[in-house]
Amino acid sequence: MRLTDLLDADVVELGGGTLGHVHDVRLVQDGPPLGSVGATFRISGLIVGGTSFGARLGFARAAVRGPWLLKRLFRRLHADARFVPWSAVRGLTEGRIVIEARADDLRAPDPIG
Amino acid sequence: MRRGGGALILAVLLAVLLCACVGPVRSFEVYEGKAATTAESVASAAQTARLAAGEAADARAFAPYLSIVLSEVERDAGGSEDVFGAIQPPDGRSAELRTQLLALIDRVTAVLADLRIAARNGELGRLEDIAAPLGELGEQLARFVEAHA
Amino acid sequence: MAGRTEGLAGGQSGGRSGDQSGGHRGGRTIDAGLRLLDRQLIDVDGMLAGKVDDLELTMPAEGAPYVTAILAGPGSLSRRVGGRLGAKIEALHRRLHPSEAPGPASVSWGVVTDVGSSIRLSVGKASLPVDTLEQWTREHIIDRIPGSDRAPD
Amino acid sequence: MKRFTEITLGILTAIGGFVDIGDLVANAETGARFRMGLAWAVVVGVVGIVVYAEMAGRVAAVSGRPVFDLVRERLGARVALANLLASFFINFLTLAAEIAGVALALELASSVNYLLWIPLVAALVWLVLWRGSFVPMERVFGLLGLALVVFGVALWHLHPEGLLASAMHPGPPTNESWGTYLFFAVALFGATMTPYEVFFFSSGAVEERWTRRDLNVERANVLIGFPLGGALSLLLMGTTATVLAPRGITVEHLSQVGLPVALALGKVGLAVLLVGIFAATFGAALETALSGGYTVSQYFGWQWGKFVRPNKAPRFHLVVLLATGLGGLLMLTAVDPIKVTEYSIVLAAAALPLTYFPILIVANDRDYLGDRVNGRVTNAIATVYLGLLVVVATATIPLMIMTKGGA
Chain A
1 MRLTDLLDAD VVELGGGTLG HVHDVRLVQD GPPLGSVGAT FRISGLIVGG TSFGARLGFA
61 RAAVRGPWLL KRLFRRLHAD ARFVPWSAVR GLTEGRIVIE ARADDLRAPD PIG
Chain B
1 MRRGGGALIL AVLLAVLLCA CVGPVRSFEV YEGKAATTAE SVASAAQTAR LAAGEAADAR
61 AFAPYLSIVL SEVERDAGGS EDVFGAIQPP DGRSAELRTQ LLALIDRVTA VLADLRIAAR
121 NGELGRLEDI AAPLGELGEQ LARFVEAHA
Chain C
1 MAGRTEGLAG GQSGGRSGDQ SGGHRGGRTI DAGLRLLDRQ LIDVDGMLAG KVDDLELTMP
61 AEGAPYVTAI LAGPGSLSRR VGGRLGAKIE ALHRRLHPSE APGPASVSWG VVTDVGSSIR
121 LSVGKASLPV DTLEQWTREH IIDRIPGSDR APD
Chain D
1 MKRFTEITLG ILTAIGGFVD IGDLVANAET GARFRMGLAW AVVVGVVGIV VYAEMAGRVA
61 AVSGRPVFDL VRERLGARVA LANLLASFFI NFLTLAAEIA GVALALELAS SVNYLLWIPL
121 VAALVWLVLW RGSFVPMERV FGLLGLALVV FGVALWHLHP EGLLASAMHP GPPTNESWGT
181 YLFFAVALFG ATMTPYEVFF FSSGAVEERW TRRDLNVERA NVLIGFPLGG ALSLLLMGTT
241 ATVLAPRGIT VEHLSQVGLP VALALGKVGL AVLLVGIFAA TFGAALETAL SGGYTVSQYF
301 GWQWGKFVRP NKAPRFHLVV LLATGLGGLL MLTAVDPIKV TEYSIVLAAA ALPLTYFPIL
361 IVANDRDYLG DRVNGRVTNA IATVYLGLLV VVATATIPLM IMTKGGA
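As given, the protein sequences belong to chains A, B, C and D, one line each in that order.
In terms of the working numbering, the first sequence opens at residue 1 and continues consecutively.
In terms of the working numbering, the second sequence opens at residue 1 and continues consecutively.
In terms of the working numbering, the third sequence opens at residue 1 and continues consecutively.
In terms of the working numbering, the fourth sequence opens at residue 1 and continues consecutively.
Derived from the structure by calculation, the hints contain no laboratory data.
Remember, predicted model here, so these are calculated numbers, not experimental data.
All C-beta atoms, glycine included, are put in the ideal place defined by N, C-alpha and C.
Hints are not guaranteed to be accurate.
[Said to hold, decoys possible] Stretch by stretch, here's where chain C covers chain D in the computed footprint (C-beta under 8 angstroms, at least three residues): (1) 71 to 84; (2) 123 to 136; (3) 315 to 327.
[Said to hold, decoys possible] Derived, one-sided and incomplete: chain D residues facing chain A with beta-carbon distance under 8 angstroms: (4) 367; (5) 382; (6) 383.
Just need the whole structure built from these sequences, with the hints factored in.
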């Protein structure tokens, strides 16, 4: 599997409701070790939202502090973004990811570096 | 960015720019406007030549430079004349205007040609005398522009 | 090795304060699209070795997929660009590549030493598959022009 | 003197950006038609390029990442490729025009037709880029370009009257329309913020191996270089406003730029001017040729730069070689180099936000810059300018069509 198989894929609930597209894939460095460098990056979950425009510009990151106006603007634009833990993923077909979770139960992604 | 968007913009730009040059002229007012613009650009060429000739007389510029300046303005004036001359005048008044302006421009381009030839021959001292008629011609062109703008 | 002194100064990997805390001790969290994709690869000699055009993930029998390789070069860029232009890049990749059905060039995650504003590798780029087109250009064009191996005056 | 030679990167970038072949003629024409009524557009542009070039240089010095790396990292492979195609095309047209510009300067000095000079100039540009190293190149052409200060001396001798007054009262003169006035304003603003300046400056910062410790030098380069370039273009505008505007002369050729200087200072002034024009256009040719190589290499992640020997950056040198050679060939068709740059500036305006937005985002990113991220004042100004760039990007092409290219 490639990262681009996940990015921009449609995300739908088991019941058929849609959540939007995959904006990004969150990784955590606790996967099986490879070579001499230690732990690899393992998927912890997907960041999913309706509005794709500007989703990967980086304003969602904690390390990007400003400019104030743009940060506000893009935060608002992506206020519907949700974090879907990988454990909720049930099916993976081309361009489509089925998850077992209700939109209401998902929380917004933590802002990270 | 949608694919093909750039090509489309470029095509539209080219179309507009080309139309601006060769659209047919249907009324006296439009023709008069073209005549005024032509007179303006020929006047600009004439004034450039006068300025250059004056600098030559005071030994303020060297020969290669002056000959380039003078051949460029000659080409500009001739080009404006050709473009204007190729436009079909829409009515009798326009035809009169055409005769009047082209006669004036002819006198300018004749002087410009003499200037270019003298400059190429290195006769910088003569340039100011040759350019002398451009003062009066330039004023006539300015009056033409004023009357028809 | 000449490249070792010619490449980028080591000090220029700076500016990664803060996020090193989780570092390689595990638990460091990053977003792949924001922090890995499209970043510059820099080899052990400080030479530029391509971009992270895509990532290869391996699905274990149990648990979540993990990153096993960086994909770089036209064979993986084509999918990122997409559309007709992407298809052309893919076709070009197949044409230039010696093998019948070439996959994208890949760099094992095992040689990644640092994830910052660029991705640093523990090997020289000549040993990586991402370098073949550069080697071809060097051998067939640039080295035929006099002075290609001289440091600039 | 040592301090002074440290800022030649900024000087060369600005001279190549502000008084290259297209701008020499455009500024002269603006002065002749509007006197100093559009000086404000240059000033607004200079502030913008200072703010954004400083950010780009700072990111490059601290993280080693030049501008097109940032474009790719923040906009992704697809949008960045659209930007690359647009930027490279514009860069190429400008490079071609600069080659012709050097040839035109040589024609003015020798009266040998410029078309005959073009192959020689193209070969010389390539040779400098192949054999020369970065810093001496930047010093020679940056410092020689300063010969254009002759515009200031000429203006001083001409005792101009009413220039300041015309600068203080913006708006079109009676014989020009608002549409044309705005088109010129937008074109001047776009010309001061041409993207190849930040491509070149930020990559130059890496070429010179600037680090976090060189941020003072970086700032001095920006704060002296760009305003100096802007001042040169305003002084040029002043000379044509004083000498050509009252005579009703409109500027169409590079040769006319010399008339006021010759009038004021005679042969010596004219000779110095031709040296300055030669250096500025040659410098701009180097700047655009390198920028072409930088942008393509940085998009794809190839090794680039003059800091390694040519065979360590083969694809970069191949791009530079092809661009220079094809640029020379394009100009041999005798297309008007001045028209080429004027249209390329207008087309460039449409791509401006795609280059400057990523710079602004990354200049706020602690991951790249640590504690050297933008302060509030910089962010406020930069945000305003980003808005301005978006307006300019959308307005330029409609204005160009409306006014038939400012005719």
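Can we keep the residue 382(D) interface hint, with Cβ of chain A closer than 8 angstroms? 7 angstroms, holds
Taking the least C-beta to C-beta distance, is residue 383(D) closer than 8 angstroms to chain A? At about 5 angstroms, which falls below the 8 angstroms cut-off, the nearest Cβ of chain A leaves the hint on residue 383(D) intact, so it holds.
If you take the shortest Cβ to Cβ gap from residue 367(D) to chain A, is it below 8 angstroms? Nearest chain A Cβ about 4 angstroms off; hint holds.
Are there three or more residues in the region 123 to 136 of chain D whose C-beta lies within less than 8 angstroms of some C-beta in chain C? holds (count 6)
Chain C covers the region 315 to 327 of chain D, three or more CB atoms within 8 angstroms, holds or violated: holds (count 3)
Cβ contact check, 8 angstroms cutoff: the region 71 to 84 of chain D against chain C, three residues minimum: Held - the region 71 to 84 of chain D has 7 residues with a Cβ nearer than 8 angstroms to chain C, which meets the minimum of three.
Going through the hint list in order, the structure satisfies each hint without exception.
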